[in-house]
Each structure stands twice: as C-alpha cells, then as structure tokens.
Amino acid sequence: MERQTVIEMRNITKRFPGIVANDAVNLQVRQGEIHALLGENGAGKSTLMNVLFGLYQPDEGDIYIRGEKVEITDPNVANDLGIGMVHQHFMLIDTFTVAQNIILGSEPKKKGWRIDYNKSVEEIQQLSEKYGLRVDPHAKIKDISVGMQQRVEILKILYRGADILIFDEPTAVLTPQEIQELITIFKNLVKEGKTILLITHKLKEIMATCDRVTIIRRGKVIDGSLEVSQTTPDELAAKMVGKEVKFKVDKKDAVPGHPVLSVKHVTAYDNRGIKKLNDISFEVKAGEILGIAGVDGNGQSELIDVISGLRPVASGEILLMDRPIHHLSPRKISERGVGHIPEDRQKRGLILDFSIAENMVLKNYHQPEFSNRGFLNYKKVREHAARLIAEFDIRTPDESVKAGALSGGNQQKVIIAREVNHNPDLLIAAQPTRGLDVGAIEFVHRRLVEQRDKKKAVLLISLDLDELLNLSDRIAVLYEGQIVGIVDPRETNEKDLGLMMSGGKTNSGSWGA
Amino acid sequence: MNKVIRIFIKDSTLIPVISIVLGLLIGALIMLLGAYNPIRAYASLIEKAFGDLYSIGETIRQITPLIFTGLSVAFAFRIGLFNIGAEGQFIIGSVTAAFVGIQFDLPWYIHVPFAVVAGGIAGGLWGSLAGLLKVYRGVHEVIATIMLNWIALYLSNYIVKFFLIEPGQQRSRILSDSSWLSSSWLSQLFDGARIHYGILLGLICTFLFYVILWKTRQGYELRAVGYNPDASEYAGIHVKKNIVRSMMVSGVFAGLGGASEVLGVFHYQTIHSVFPGHGFEGIAVALLGGNTAVGTILGAVLFGVLTFGATGMKFGAGVPIEIINIVIALVIFFVAASGLVKAIIDKVKKKIISGGSSLPTSQDWKKGV
Chain A
988 MERQTVIEMR NITKRFPGIV ANDAVNLQVR QGEIHALLGE NGAGKSTLMN
1038 VLFGLYQPDE GDIYIRGEKV EITDPNVAND LGIGMVHQHF MLIDTFTVAQ
1088 NIILGSEPKK KGWRIDYNKS VEEIQQLSEK YGLRVDPHAK IKDISVGMQQ
1138 RVEILKILYR GADILIFDEP TAVLTPQEIQ ELITIFKNLV KEGKTILLIT
1188 HKLKEIMATC DRVTIIRRGK VIDGSLEVSQ TTPDELAAKM VGKEVKFKVD
1238 KKDAVPGHPV LSVKHVTAYD NRGIKKLNDI SFEVKAGEIL GIAGVDGNGQ
1288 SELIDVISGL RPVASGEILL MDRPIHHLSP RKISERGVGH IPEDRQKRGL
1338 ILDFSIAENM VLKNYHQPEF SNRGFLNYKK VREHAARLIA EFDIRTPDES
1388 VKAGALSGGN QQKVIIAREV NHNPDLLIAA QPTRGLDVGA IEFVHRRLVE
1438 QRDKKKAVLL ISLDLDELLN LSDRIAVLYE GQIVGIVDPR ETNEKDLGLM
1488 MSGGKTNSGS WGA
Chain B
2 MNKVIRIFIK DSTLIPVISI VLGLLIGALI MLLGAYNPIR AYASLIEKAF
52 GDLYSIGETI RQITPLIFTG LSVAFAFRIG LFNIGAEGQF IIGSVTAAFV
102 GIQFDLPWYI HVPFAVVAGG IAGGLWGSLA GLLKVYRGVH EVIATIMLNW
152 IALYLSNYIV KFFLIEPGQQ RSRILSDSSW LSSSWLSQLF DGARIHYGIL
202 LGLICTFLFY VILWKTRQGY ELRAVGYNPD ASEYAGIHVK KNIVRSMMVS
252 GVFAGLGGAS EVLGVFHYQT IHSVFPGHGF EGIAVALLGG NTAVGTILGA
302 VLFGVLTFGA TGMKFGAGVP IEIINIVIAL VIFFVAASGL VKAIIDKVKK
352 KIISGGSSLP TSQDWKKGV
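Protein chains in written order, with this note's numbering: chain A, 988 to 1500; chain B, 2 to 370.
To be clear, the hints were calculated from the coordinates, so they are not data collected in a lab. Since the structure is predicted, the reported quantities are computational estimates derived from the model, not experimental observations. By construction, the Cβ of each residue, glycine as well, lies at the ideal position given by its N, Cα and C atoms. Certain hints may be false.
[Claimed, not checked] Below, simulated DSSO-like cross-link-like pairs (lysine-lysine); rule was C-alpha separation at most 27 angstroms, straight line:
1) A/1389 - B/162
2) A/1334 - B/242
3) A/1366 - B/216
4) B/350 - A/1319
5) A/1207 - A/1226
6) B/216 - A/1334
7) A/1239 - A/1191
8) A/1251 - A/1441
9) B/216 - A/1389
10) A/1319 - B/351
11) A/1117 - A/1129
12) A/1389 - A/1238
13) B/241 - A/1389
14) A/1191 - A/1251
15) A/1191 - A/1482
16) B/241 - A/1262
17) A/1207 - A/1191
18) A/1319 - B/348
19) B/352 - A/1367
[Claimed, not checked] Far from chain A, by Cβ distances over 12 angstroms, these chain B residues were calculated:
20) 166
21) 185
22) 233
Start from the sequences and build out the full structure, keeping to the hints where you can.
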C-alpha cells in the first residue's frame, strides 16, 4: 500500500559562509511512518530540520507539506502546518506544573480571560490516554524524571494539534527502560495516524522503530528512503560514516594486577542531603576496565564526585594505591594519578570560552612546565596543545580555536587527550561516548582499552549497556547507592543486567572478586 | 592589513561604534525637536573638549577617574561578578588617601606612594568584603556592594567630620602638599588645567589589568572561574578564593582611582551628601569597552569628553547640559541592547553581500565560522 507523502523537501540547499550545510537535499516522508534521519554530528541533520521548522530559510529548494508548496518563514507557520518539534534540550518551565507547561501559549479561556485549568487538565488526560503518555498533570516539572519531562514535551506539541512530530536525538538523555517506553509511545502515535521524523545517530533505535531511513553525510543525501527491513546496522553505519565501522572492540583478555582503587564502605549524600551512596565497596585493579551499570540517579554522579574529591565522604574510605585519598582536594587527587572524563563535558570538562590550548592545561597549568613565577608560559601552552591535537587527531584549524566551536566528538577528544596525557593510574570515564557519533565512539573505546592494556585501571560509568558489555572486564551494578552484584560481561546479557539494575535480582556472590 | 580590517568589522568593535553614532544621531534629533542646532552643539562640544591646551588638560582630568572605575568594574565582570561597588571602593580609597595626606608629614617621594598605596589597599579590602560575604554567606555581590556603597559614603563623612575637618567648612583640611599627585609644572604645561599624574597611574593600571588577566597564572584561574565555575572546581581551582581575590583587585583599582582624585585634583575630601558618581559611570565605561583594557580607556575617553564638553554646548549653542546625559544614556542603551544593533549590522552586511562582497554576518562570527 503506497501511503501519501506528507513532507517533501526538494533540492534544499543551505549555505553558511565557508560551508554548505545542506547540498540539494531531498527528503520524502510518508503519512503514518517513522522516518529516521541518520547522520554523524555535523552532517547537516539539524540544519535540515531547522529549515523544516522555520528557524532557517533555505537558499534554494522547495518544501511541500501534504502536496502543497509552502514557505515556512518561522516556527509559528510550522505549528500552523501541524509540525511540532521535540528538542534535545527541553523547553519547560521548572516551577510550573505539567498542565501549565502544556497549555502555555494556547491556554483555554473561561469567560474570555480566566485560564480554564479544569478544562485543560481534562484535555491533557484525554490526550495521555489516547497515546499512552502517562503523566500527572498536577506534578511540577522539577519533581519529575527526564523521561516524564520528555512526555510533557510530546504532549505539548500534540496539544497544539501537530500531526508531524520531529524528535531531535530523543534518547540521548533516557535510560534503557525509558527508551523502551518511548518506542512504545512512538508506535502508539503512529497507530493514531501521526507521522514521526526521528533525528538520530543510534543505529539500534532505527532498527527497532523506524520504517524508512534517509542518510546524510557532509550535507548530501547518501541514501534516501531506504527501507529499514531491507538493511543491516553495518550497512547503515558504513553509509553514515563512509567506511566500514567496527562495533566490537578488539581486546585481549584482561590480566588484572594489584588493586589501584579501593572504595571501602563509603557513604555520601547529595546536595539536598539525600543519601546517595550507601556503604558501597568495590575495587578496580590495574589492567582492567570495571564498568558501573545502573539506572541514572542511583548514585553514579556521587560516586564519581567522591572519588575525584568534588564531594565529601560521610563515612568510609577511598584508597588509591593503598593510600587514602578521600580527604584530599580535587587537585591533589588528580596529582596522585587520577584522570577524570566527566559525564557532562560542557559543564565540567571544558571551559567553552577558553581556547583548546587553554583547556589542555586545565589540570596542570600550575606546574613548572607551564608556570614560572606566577606567569603562564603561553608559548609552551600552545606547543603542548599542538602536540596533543596531532596525537589525538583533533579536527581543528589550530589550537587557538575556542573549545565551544568544536563538535561534540572533538570536544571529547580534547578532554581525553588532557586526561590520558597525565598517564593516570586510574582513569574515571563517565558517559564517555554520550552524544558522540560512531566514528568518535570507536576512538574513545580504543583509547580506554589502550589505557587498560598499559596496565592502568579504568572505571567506566555508563548508561549505555552495549558499551558496558563491550568494554568492561567486570560489570558492577549500582542500585540505590549500593553494588548489588558484580558480573562477568561474557556470562551476562542486557536483560539480566536490566533486571539487576531495577533491583529485581542480586548477585552478591562475587563482591569485589 | 587584513587583520586591521577584521578588528574593525568585529562585532565587539562595531557594536560600540554604531551605538555611539546612533546615540549622537538621536541626541541630534532631540536637539532639533527643541529647535537647537545640533551641528553647532556638537561642534562646540568638541571645541570645549579639545579647543586649547587648558581644555585638553581638563578633559584628561575628567577621563582619569573613569579609567580606574572602568577597570574595576571590568575586572570583576571578567570573573562573572557585577561590581556595583566601585563607587564605595572609590570613596574609601579617597578618604584613606586624604587621611594619610593630612595626618602625615613626609618627604614627597615617600608620602605620595604611601598615600596612593594606602588608598588602593583600603579600596581592595572594601571590595573583598563583598567577595567574602558572597563566598561565606551567599550574599549576592550586587546587594552587598550597593549596601557597602552607602556604608562607605557615611563612613567617609564620619572620618572627615571627626578627624580631618576644616572648621566651618563641609570638607577636610587641605592635604599637605608633599602628598599631592599634581604639580604646578604639569598644570602650567596645560595652561593651569587640573591635569595630574593620576593619568599615568591609570595607564599603568590598564597595563596591569591586561597582564594580570592574560599573562599570569592567577589571571588564567580568574578567567576560568568567570567562564565556568563548575569546570574550574573540577580542575582543582579554588573557586571561593578566586572570587574574593577578584573583588579585591577590583576594589584596588577603584581605590587607586579615589586616591588619585583626592591627591591630584581636590587636595581635600568633602563631606558628600550624594555619591560623586565615578563608580557608577565606571559600569558604563566597562560595558562600552567590552571589559577589555583598551576598550576601557576608549570608553573612559568617550564619557570624559562628552561630560566635560557638555558645558561647551550650553555656551556655544544654548543647548542644556542635560541633553548630553540623554546622549550618554542612549549610547549605553544601544550597547546594552546589542541584539538590536546586531540586527542592524547584519542587515547592512547582507546588503553588502548581495552587492558582491562577502563580509560574514555577526551570527557567523558567533559560530566561529
């Protein structure tokens, strides 16, 4: 059955000075399908969607919605055409309730001026039931999980009558369980006749949800409207990157040595005073990658913070090479030999307004190599950066470029270069590949394994189970601030891990083994 | 050559320049509404500010304190702090310098540096109070510095009244001339204008401002904290210490300004019923100068010329002095509303582009293309 084409973008070209972001791109999306737009970071996906949503005007080309030629001059026009977009970063007001956020801008009125909250709550409940989007209309945004917030965003555009929904990297912030739920929501939406356009670079999701996929590379369509059922993840990856990509990391068996990091009976609290680490104990040995699995919010952030000295330990102790470090400052801990790839690279890992060179010395600018009698030797700083840029293949014109101007993958390379260059005994890698494309992920994984093979200890904290199963030599499962089990990745699978992560099953036979 | 052009088409340069032009143009419109002749008004403003040696000397005198307070505000801004308190730090600096100037009798080569340094240190301590309150008590620096301004004002009045008063006057005794920053030689060079060596001190401070921020380890830390405190903490930089230090340095600049004003121009400290206002003007100077060293000087020059030249407008074209305040307010308005100016710039650039040339638009600059 051939379905009607709802979106057709013909020969869209969008130029920025020095770069052609979209080069005669064609996109056809059919009524009631889930269509993926696949491409690496910087391939031109977002530009294309911003053109469709009215944020950019194309230099050339036409857009047809339901067969009619349209000029989408701004997002309001897109709204009127029934196009809604769920952005990667949510646009919600924290202190407002779910219902208030959903109706914001198109409030139902009583007697012409009073907001009719009862009516809006009713309408929202109807929408929720219809599409299986369970939310509490009276809850405040700041009190609900990220997954819930995303549902609010979806409801917001449905409430405005959208029937073409664009999702920009919707799973980047979700836990595996939430991803499953989102996929169910997608199916419900499509069943009700909505059309979904999914921007992503995650192949697994495309295979699991989408009907067709359009692949963009460097602003050009490589393959338009490929049937997902006719393809494989390998083919998709190769087309996206332009070369063969290895998913499995090649690694030899681990030869674990002496313990590098010992966490002993550590308890710690979060900023609101809630106990987040509850008498937790484990070890990371030289020459191994210990993965920490767990649903987001079970103490991962606090664990990283106490080890790196950013959060005080309430009780217990942390030893690095048999010497206590839990009372030391972040700088002292770093100097003792702990590298740290932080989970939020833009908030913690980099100073975006600093140049690459300045970022490269963030941890050791004070050492005699760069500092002399209070003055910083910027020449040395630049040379140091130039060397690392070459060594880690960071794509940038030169070291004076601001970190904020780099792509996500290159930003992560800057951090990894800085942290690995210290040659630390322990490397903490928190969500090291979040938001990166396939090529960059491969790079990061290779570097982590390299550290391990150099007889260093690596602590990998990730929400991506594939990554944990692929890279780790042992996986410890974190649940409500405790390690509920340590498993061998070769003897477990995603389903078992998922169960343990939700507290369903414990495997306490191998504590710190 | 290309590099020079780039500096001029950069937004950070273009926006203030266009803001100034817009401010002057709208000011002219307002004069026209009042049936004044704007061309004559601006001509007499320039004439007043640069017409003869005396005017030039007085204009420089007007510019001098603005350099100090501009640097003070700009420095704190670099660390992400809004120092409204340059006013109070300026007053504390001047009263301390006056105290040293009156109560001591020393050879000039000791007395002058002593008074200047005392004023700077006092201003620095006053500034660091706001930093300490922020770090240890969570008081926002805007609130703390506003309050400290009033405390400084009345503390200064108290010190003058009880220790330094010239009987029968609303001011202190005259500072002993061994502490003066002015000299009859310099003054005579400019036909008796009250120009003084404070301007040299101001230029040295501007140089220090640049060196501290861009060449030293401390400056690296300060800028890091200003851009991203979370990443700084992660990197092992002591964020709280740096906040206090930056407020201290910021206060030192303002305090030196106060010292230079009292040692160079007045030679006595008055009992103020209102704020002298140099600190508040410093906010505008820093804003206009984009918190850079050179920008601060240029901003101070502009405001100094406008405020001093304004008296000329009255004599030359009959325009009330207040008009110049409108012009200054308009300039600040356009710098603050830089989005508006940017939109105008982009429109003009687009026209140029369609005319064949290819200047990048401001949005592209932001992306670093």
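These are the hints, each one checked on the structure:
{"no.": "1", "hint": "A/1389 - B/162", "verdict": "54 angstroms, violated"}
{"no.": "2", "hint": "A/1334 - B/242", "verdict": "21 angstroms, holds"}
{"no.": "3", "hint": "A/1366 - B/216", "verdict": "11 angstroms, holds"}
{"no.": "4", "hint": "B/350 - A/1319", "verdict": "51 angstroms, violated"}
{"no.": "5", "hint": "A/1207 - A/1226", "verdict": "12 angstroms, holds"}
{"no.": "6", "hint": "B/216 - A/1334", "verdict": "25 angstroms, holds"}
{"no.": "7", "hint": "A/1239 - A/1191", "verdict": "26 angstroms, holds"}
{"no.": "8", "hint": "A/1251 - A/1441", "verdict": "26 angstroms, holds"}
{"no.": "9", "hint": "B/216 - A/1389", "verdict": "18 angstroms, holds"}
{"no.": "10", "hint": "A/1319 - B/351", "verdict": "53 angstroms, violated"}
{"no.": "11", "hint": "A/1117 - A/1129", "verdict": "25 angstroms, holds"}
{"no.": "12", "hint": "A/1389 - A/1238", "verdict": "35 angstroms, violated"}
{"no.": "13", "hint": "B/241 - A/1389", "verdict": "25 angstroms, holds"}
{"no.": "14", "hint": "A/1191 - A/1251", "verdict": "38 angstroms, violated"}
{"no.": "15", "hint": "A/1191 - A/1482", "verdict": "16 angstroms, holds"}
{"no.": "16", "hint": "B/241 - A/1262", "verdict": "26 angstroms, holds"}
{"no.": "17", "hint": "A/1207 - A/1191", "verdict": "23 angstroms, holds"}
{"no.": "18", "hint": "A/1319 - B/348", "verdict": "53 angstroms, violated"}
{"no.": "19", "hint": "B/352 - A/1367", "verdict": "44 angstroms, violated"}
{"no.": "20", "hint": "166", "verdict": "43 angstroms, holds"}
{"no.": "21", "hint": "185", "verdict": "40 angstroms, holds"}
{"no.": "22", "hint": "233", "verdict": "7 angstroms, violated"}
Going down the numbered hints, you'll see the structure goes against 1, 4, 10, 12, 14, 18, 19 and 22, while the others check out.
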